[in-house]
Amino acid sequence: MQAAPAMRTPIRGGRLVIAQKAEPKTLNPLLSRDIPSREVLGCLSADLISIDRQTQTAEPVLAESWRVSPDGLHYTIKLRPGLHFSDGQPFDADDVVFSFTVFLDDKVHAVQRDPLIINGKLITVVKLDARTVRVDLPALYAPAERIFDSVPMLPRHLLERPYRDGKLSQVWNLNTKPESMAGMGPFRVKEYKAGEHILLERNPYYWKPHQPYLDELEFLFVGDEDAQIARFVSGETDILNRVSARNVGLLRARGMIVQDLGPSLEYNVLVFNLTPQASPAAKEWFQQKAFRQAVSAAIDRDSIVQLVYGGLASPLSGHVSPGNRAWVNANLPAAKQSLDRAKQLLKNSGFTWNDQGELHDRTGRRVEFTIATAASSQERSAMAPLVQDDLKKLGMKVEIASLEFRSMVDRVLNTHQYDTAIMGLGGGDPDPEFESNVWRSDGGMHIWNPGETSPGSAWEAEIDKLMTEQAVERSYPKRRKLYDQVQQIIADEVPIICLASPHVLVAARPHVQNFRPVIFDHYTLWNVDELFIQQPKAKEQPTAR
Amino acid sequence: MIVRRLLRRLLHTILLLIVVSAVWFALLAASPGDYFDLQRLDPRVSPETIQKLRVDYGLNKTWPIRYLDWLRSVTHGDMRVSIVYNQPVTQLLPPRVANTLLLTVAGTLLAWAFAIPAGLWAGVKQNTSIDRLFTLVAAVLIAIPELLLGILLVYWVATNTHWPVGGMHSTRTNSFTDVLQHLLLPAIVLAAGLFPVLFQHLRTSVAEASSAPFVRSAKSLGIPPHRIWLRYVLPVAANPMISLLGLSIGGLWSSSLLIEVIFGWPGLGPLFVEAVMAKDTYLVLTPVICSAVVLAIGNLLADLFLLWNDPRIRTTAA
Amino acid sequence: MIRPLMLCAAVILLCAPFFAPYSEDEQNRSRAQENPTHIHIRGARPVIIEGGQTYPIRFFTNGHFFGISTPARIFLFGSDEYGRDVFSRFLFGGRVSVAGGIVATLLALTLGLSIGAAAGLGFRWLDELLMRTTELFLSLPWLYLLLALRAILPLQLSTTAAFWLVTAVIALSGWPRPARLIRGMVLSAKERPYVQVARSLGASPSYLFRHHILPQLRGLLWAQALLILPQFVLADMALSFLGLGAGEPSASWGGMLAALRHFSVLESHIGHWAPALLMVCFFLGMQLLNRRQPSPTSVKISGTIQ
Numbered sequence: 001m002q003a004a005p006a007m008r009t010p011i012r013g014g015r016l017v018i019a020q021k022a023e024p025k026t027l028n029p030l031l032s033r034d035i036p037s038r039e040v041l042g043c044l045s046a047d048l049i050s051i052d053r054q055t056q057t058a059e060p061v062l063a064e065s066w067r068v069s070p071d072g073l074h075y076t077i078k079l080r081p082g083l084h085f086s087d088g089q090p091f092d093a094d095d096v097v098f099s100f101t102v103f104l105d106d107k108v109h110a111v112q113r114d115p116l117i118i119n120g121k122l123i124t125v126v127k128l129d130a131r132t133v134r135v136d137l138p139a140l141y142a143p144a145e146r147i148f149d150s151v152p153m154l155p156r157h158l159l160e161r162p163y164r165d166g167k168l169s170q171v172w173n174l175n176t177k178p179e180s181m182a183g184m185g186p187f188r189v190k191e192y193k194a195g196e197h198i199l200l201e202r203n204p205y206y207w208k209p210h211q212p213y214l215d216e217l218e219f220l221f222v223g224d225e226d227a228q229i230a231r232f233v234s235g236e237t238d239i240l241n242r243v244s245a246r247n248v249g250l251l252r253a254r255g256m257i258v259q260d261l262g263p264s265l266e267y268n269v270l271v272f273n274l275t276p277q278a279s280p281a282a283k284e285w286f287q288q289k290a291f292r293q294a295v296s297a298a299i300d301r302d303s304i305v306q307l308v309y310g311g312l313a314s315p316l317s318g319h320v321s322p323g324n325r326a327w328v329n330a331n332l333p334a335a336k337q338s339l340d341r342a343k344q345l346l347k348n349s350g351f352t353w354n355d356q357g358e359l360h361d362r363t364g365r366r367v368e369f370t371i372a373t374a375a376s377s378q379e380r381s382a383m384a385p386l387v388q389d390d391l392k393k394l395g396m397k398v399e400i401a402s403l404e405f406r407s408m409v410d411r412v413l414n415t416h417q418y419d420t421a422i423m424g425l426g427g428g429d430p431d432p433e434f435e436s437n438v439w440r441s442d443g444g445m446h447i448w449n450p451g452e453t454s455p456g457s458a459w460e461a462e463i464d465k466l467m468t469e470q471a472v473e474r475s476y477p478k479r480r481k482l483y484d485q486v487q488q489i490i491a492d493e494v495p496i497i498c499l500a501s502p503h504v505l506v507a508a509r510p511h512v513q514n515f516r517p518v519i520f521d522h523y524t525l526w527n528v529d530e531l532f533i534q535q536p537k538a539k540e541q542p543t544a545r
Numbered sequence: 001m002i003v004r005r006l007l008r009r010l011l012h013t014i015l016l017l018i019v020v021s022a023v024w025f026a027l028l029a030a031s032p033g034d035y036f037d038l039q040r041l042d043p044r045v046s047p048e049t050i051q052k053l054r055v056d057y058g059l060n061k062t063w064p065i066r067y068l069d070w071l072r073s074v075t076h077g078d079m080r081v082s083i084v085y086n087q088p089v090t091q092l093l094p095p096r097v098a099n100t101l102l103l104t105v106a107g108t109l110l111a112w113a114f115a116i117p118a119g120l121w122a123g124v125k126q127n128t129s130i131d132r133l134f135t136l137v138a139a140v141l142i143a144i145p146e147l148l149l150g151i152l153l154v155y156w157v158a159t160n161t162h163w164p165v166g167g168m169h170s171t172r173t174n175s176f177t178d179v180l181q182h183l184l185l186p187a188i189v190l191a192a193g194l195f196p197v198l199f200q201h202l203r204t205s206v207a208e209a210s211s212a213p214f215v216r217s218a219k220s221l222g223i224p225p226h227r228i229w230l231r232y233v234l235p236v237a238a239n240p241m242i243s244l245l246g247l248s249i250g251g252l253w254s255s256s257l258l259i260e261v262i263f264g265w266p267g268l269g270p271l272f273v274e275a276v277m278a279k280d281t282y283l284v285l286t287p288v289i290c291s292a293v294v295l296a297i298g299n300l301l302a303d304l305f306l307l308w309n310d311p312r313i314r315t316t317a318a
Numbered sequence: 001m002i003r004p005l006m007l008c009a010a011v012i013l014l015c016a017p018f019f020a021p022y023s024e025d026e027q028n029r030s031r032a033q034e035n036p037t038h039i040h041i042r043g044a045r046p047v048i049i050e051g052g053q054t055y056p057i058r059f060f061t062n063g064h065f066f067g068i069s070t071p072a073r074i075f076l077f078g079s080d081e082y083g084r085d086v087f088s089r090f091l092f093g094g095r096v097s098v099a100g101g102i103v104a105t106l107l108a109l110t111l112g113l114s115i116g117a118a119a120g121l122g123f124r125w126l127d128e129l130l131m132r133t134t135e136l137f138l139s140l141p142w143l144y145l146l147l148a149l150r151a152i153l154p155l156q157l158s159t160t161a162a163f164w165l166v167t168a169v170i171a172l173s174g175w176p177r178p179a180r181l182i183r184g185m186v187l188s189a190k191e192r193p194y195v196q197v198a199r200s201l202g203a204s205p206s207y208l209f210r211h212h213i214l215p216q217l218r219g220l221l222w223a224q225a226l227l228i229l230p231q232f233v234l235a236d237m238a239l240s241f242l243g244l245g246a247g248e249p250s251a252s253w254g255g256m257l258a259a260l261r262h263f264s265v266l267e268s269h270i271g272h273w274a275p276a277l278l279m280v281c282f283f284l285g286m287q288l289l290n291r292r293q294p295s296p297t298s299v300k301i302s303g304t305i306q
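Protein chains in written order, with our numbering: chain A, 1 to 545; chain B, 1 to 318; chain C, 1 to 306.
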């Protein structure tokens with residue numbers, strides 16, 4: 001990772017322009033479901049405690065400090081004094097209690113509600129005095145501090161009435177007048193032009209003194225990556241957030257500096273349909289561990305890294321990306337392609353090859369199945385033909401079905417009408433609890449067999465046990481050991497085959513200072529209140545990577 | 001007679017709108033998945049919450065029930081709320097429609113502005129080098145897919161010039177000339193797609209009309225050329241052009257869809273595509289209905305004009 | 001001149017397996033994104049020089065028009081991101097696209113002709129009904145029809161099924177315009193003096209249609225055909241643009257065109273531009289064929305009594 005450039009004296013002023021793939025759909029934090037909305041709202045609101053993106057530890061934001069009770073169940077949080085919303089109204093414990101009440105309300109169905117449920121029960125928040133609240137957890141929870149990250153504080157003076165009237169979902173849409181909205185973030189809304197841009201201006205009441213340095217922040221609705229590159233190259237935008245590997249060459253050829261931050265938290269996987277609704281043939285083949293392992297052994301992950309990502313990705317042996325240094329199990333054997341091993345595994349399980357090299361199972365059926373991909377993901381669509389070709393060498397006949405994104409999600413998670421699918425998971429939070437719903441058998445995103453009421457196999461039961469233990473284990477080394485075991489089991493049983501993790505690639509124009517991109521969301525704007533604009537002097541050009 | 005005709009047209013149009021909206025409703029419902037599937041991939045949101053959201057927005061009901069519900073609202077003038085934006089549809093559309101009309105009107109005018117003189121000229125001077133040149137240009141323009149032209153133009157302009165590419169405004173400016181600058185490229189691409197067909201039809205009809213016997217007799221009678229053109233040739237040549245004009249007006253909003261997506265023009269196009277992908281049914285249906293209405297009006301005007309222009313048809317229409 | 005050229009092109013495309021040196025899905029992973037192979041002339045024979053060795057280009061080998069012995073590869077248009085021969089994919093893609101275009105056009109025009117003629121010749125209520133139907137179909141933009149249909153269909157959409165899907169949608173959305181134009185012309189032709197005379201002499205509507213009206217439509221039909229033919233490629237391109245094109249690994253012209261929107265493809269090597277250029281020439285050739293048809297004028301004179 002590149003060392004941060006020497007700190008310069010920040011200059012106030014200027015407008016930073018960043019492109020978005022599509023326009024945000026709402027300015028209401030409760031309804032924020034898509035990425036552009038989250039990006040904008042991230043700059044408009046602030047949390048009590050959030051996870052610093054560089055150190056990965058909890059740091060106080062609107063909270064000044066907090067105390068944890070010895071049993072770990074009670075967090076007493078003291079707020080900073082003299083805080084105000086972006087419209088000048090004071091912020092105090094009443095707003096905190098109101099915010100949590102709204103998020104926890106069963107009838108509001110906020111996206112923030114589920115993470116606030118521990119072991120099936122809600123947390124409770126109590127006001128102790130004007131600047132102090134106490135949060136009570138119903139059960140011990142190892143990553144408790146992370147709960148507060150991404151729970152924005154809402155203004156009671158503006159939202160209490162709509163909440164009581166049950167009209168919360170109708171307020172704070174894109175066309176709402178900026179004066180009717182307020183937040184604790186570094187910026188507030190200045191102007192919205194449909195289909196074109198949303199312009200934010202500095203929040204004069206922001207809690208950090210002298211910040212944000214920027215006068216204005218503009219989100220331009222540009223479109224897909226090629227359009228974003230065109231605008232960046234022509235100088236209209238200042239930051240390219242997450243570039244694809246295939247465009248790095250042409251950006252660098254034009255003198256743009258693209259930073260490679262190493263593997264992200266995302267991992268691309270091939271999922272096997274292990275549900276009862278799979279086709280009988282697929283069920284029979286996929287339920288055999290040796291078959292799954294054979295498929296995994298046949299796939300050439302290095303090809304994927306080279307051809308799909310131009311080398312700017314990391315092949316995966318387990319589901320935790322090497323970029324997640326705090327949690328990755330480095331002892332897993334590297335997954336190298338071995339057609340011999342694959343063939344051996346198949347032979348030992350009773351599969352045979354006929355004269356044309358086609359693979360048949362015990363009952364004489366030709367082994368053929370489909371890989372579903374989402375058409376909108378260019379990288380995953382590009383992986384599929386490589387996997388198809390690899391499996392052809394085993395004599396398997398694989399068809400690729402390119403589906404519209406929602407169709408694919410529906411098939412995999414709802415109707416289970418598919419054979420295998422290539423999907424991208426992860427990317428939010430490095431902590432294992434963030435994805436517990438994927439690994440727990442009763443989790444809603446238990447991707448190879450969602451909707452199980454109880455673990456379908458011994459290894460899934462084992463994973464359940466390990467996940468439950470690590471959720472309450474407060475010692476990080478012990479927790480890590482438990483999660484290492486989870487990774488080991490997944491790598492061995494391969495209900496999902498982990499393929500590759502793309503690197504985080506970002507670019508910014510040289511005049512953007514304090515640019516410290518990270519591999520965690522939001523990669524480039526997480527420190528937007530510290531960014532400022534100043535043309536670098538000729539001899540101080542940052543070194544190109 | 002005219003009134004009865006109009007009334008019958010109105011009835012048919014309403015019937016058309018009902019059928020079109022029902023078909024769209026059914027198609028959208030038939031594709032698997034719905035808007036909230038986006039959230040299924042967030043590991044922290046439980047399926048129960050998503051199901052509750054579905055019930056909130058009425059997505060748990062079958063599509064005929066939702067359709068009838070929508071129909072009832074529409075008859076009261078309520079076009080309902082977009083699931084994605086949580087705003088009334090009637091609030092979301094006007095700025096986008098305005099932007100689209102700006103583009104399509106500009107592109108259509110540009111196309112006709114070139115097609116009319118070119119078609120007339122080529123029609124009169126058939127088989128001369130001018131005619132051959134224009135025909136070749138039109139042929140090349142048809143041969144190049146509009147999307148390809150748009151893509152290549154974007155690439156070439158973005159990498160070789162400082163002309164603004166994409167969007168409708170530059171940042172930091174709000175002037176009309178800036179809008180015109182952004183308008184130029186997509187309008188050119190749109191016009192390039194419309195021009196060839198207009199040109200060819202005009203050329204053919206003019207050529208046909210100008211070599212018709214009655215024109216020759218008019219010439220031999222010494223009637224001055226410009227009167228021949230105005231009173232004899234143009235009315236006949238106008239016949240198929242009028243049908244085309246009717247279709248043009250109807251196509252004003254839909255022809256620019258993909259061009260808007262390529263150029264990032266903030267019109268109905270990108271909004272509509274996203275709404276279809278997200279299955280935001282009410283947001284999809286309103287432009288569909290509007291376009292069907294516009295199409296019907298366009299065709300009605302065209303038919304009326306046809307009646308007025310060509311007396312031969314009038315006799316049978318009575 | 002144009003006609004034999006186009007005929008040649010059509011033959012080459014339809015016999016893609018013979019003229020293409022490789023199959024459309026043959027991957028060469030170590031040779032991705034290669035520039036078009038340089039062909040040298042040594043002793044009046046075309047050869048390729050690779051790794052110091054000379055490989056002559058052989059004709060009529062192995063069931064292919066031309067080829068080269070391994071380990072050399074002849075990539076006339078270079079290779080794509082999986083190391084597949086772009087030229088071969090261009091030919092195979094053309095086969096699908098041109099065949100699809102022809103079928104779609106035939107379907108659309110047959111529909112358009114029958115409906116337009118029926119509307120023009122038939123009773124008033126039939127005319128009204130059919131014209132309202134055209135309005136219905138015109139208000140269903142084919143792109144979204146296609147999108148929605150693509151999403152409903154079962155998972156394993158084989159290439160043939162996808163092909164017929166796109167063809168059907170183009171036919172269904174392509175017939176209204178010719179139908180309306182034909183109806184307009186039939187309506188005015190119906191009132192021409194010679195037609196009325198023939199009618200008074202006892203000619204049946206079908207005779208009138210076949211002998212007096214149809215000849216006049218020939219120019220229109222041909223012009224419409226040449227407009228609809230490229231629609232298959234355009235539909236495919238739009239679908240690929242939105243990410244729903246013909247499934248991998250099959251090649252299609254629409255898919256190859258849609259790939260050009262990526263800067264990375266446009267800038268990789270010149271070989272990617274060649275298919276687009278040739279496609280444009282092919283469509284241009286189709287348009288130029290139009291000019292060879294007799295102009296409506298000459299046909300009309302023969303149908304005139306005056």
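Bear in mind the hints are in silico, worked out from the structure with no lab data behind them. It is possible that part of the hints are untrue.
To be verified - Here are the simulated EDC-like cross-link-like pairs (lysine to aspartate or glutamate), alpha carbons at most 16 Å apart as the crow flies:
hint	chain 1	residue 1	chain 2	residue 2
1	A	K283	A	D361
2	A	K393	C	E34
3	A	K107	B	D78
Claimed, not checked - Not the full set, but computed from the structure, chain C residues with beta-carbon under 8 Å of chain A:
hint	residue
4	Q27
5	A32
6	R132
7	F263
Cβ coordinates follow ideal geometry from the N, Cα and C atoms, glycine included.
Quick rundown of the hints versus the structure:
| no. | hint | in the structure |
| --- | --- | --- |
| 1 | K283/A <-> D361/A | holds, 12 Å |
| 2 | K393/A <-> E34/C | violated, 24 Å |
| 3 | K107/A <-> D78/B | violated, 25 Å |
| 4 | Q27 | holds, 5 Å |
| 5 | A32 | holds, 6 Å |
| 6 | R132 | violated, 32 Å |
| 7 | F263 | holds, 5 Å |
The structure fails hints 2, 3, 6 (numbered hints given earlier, in ascending order).
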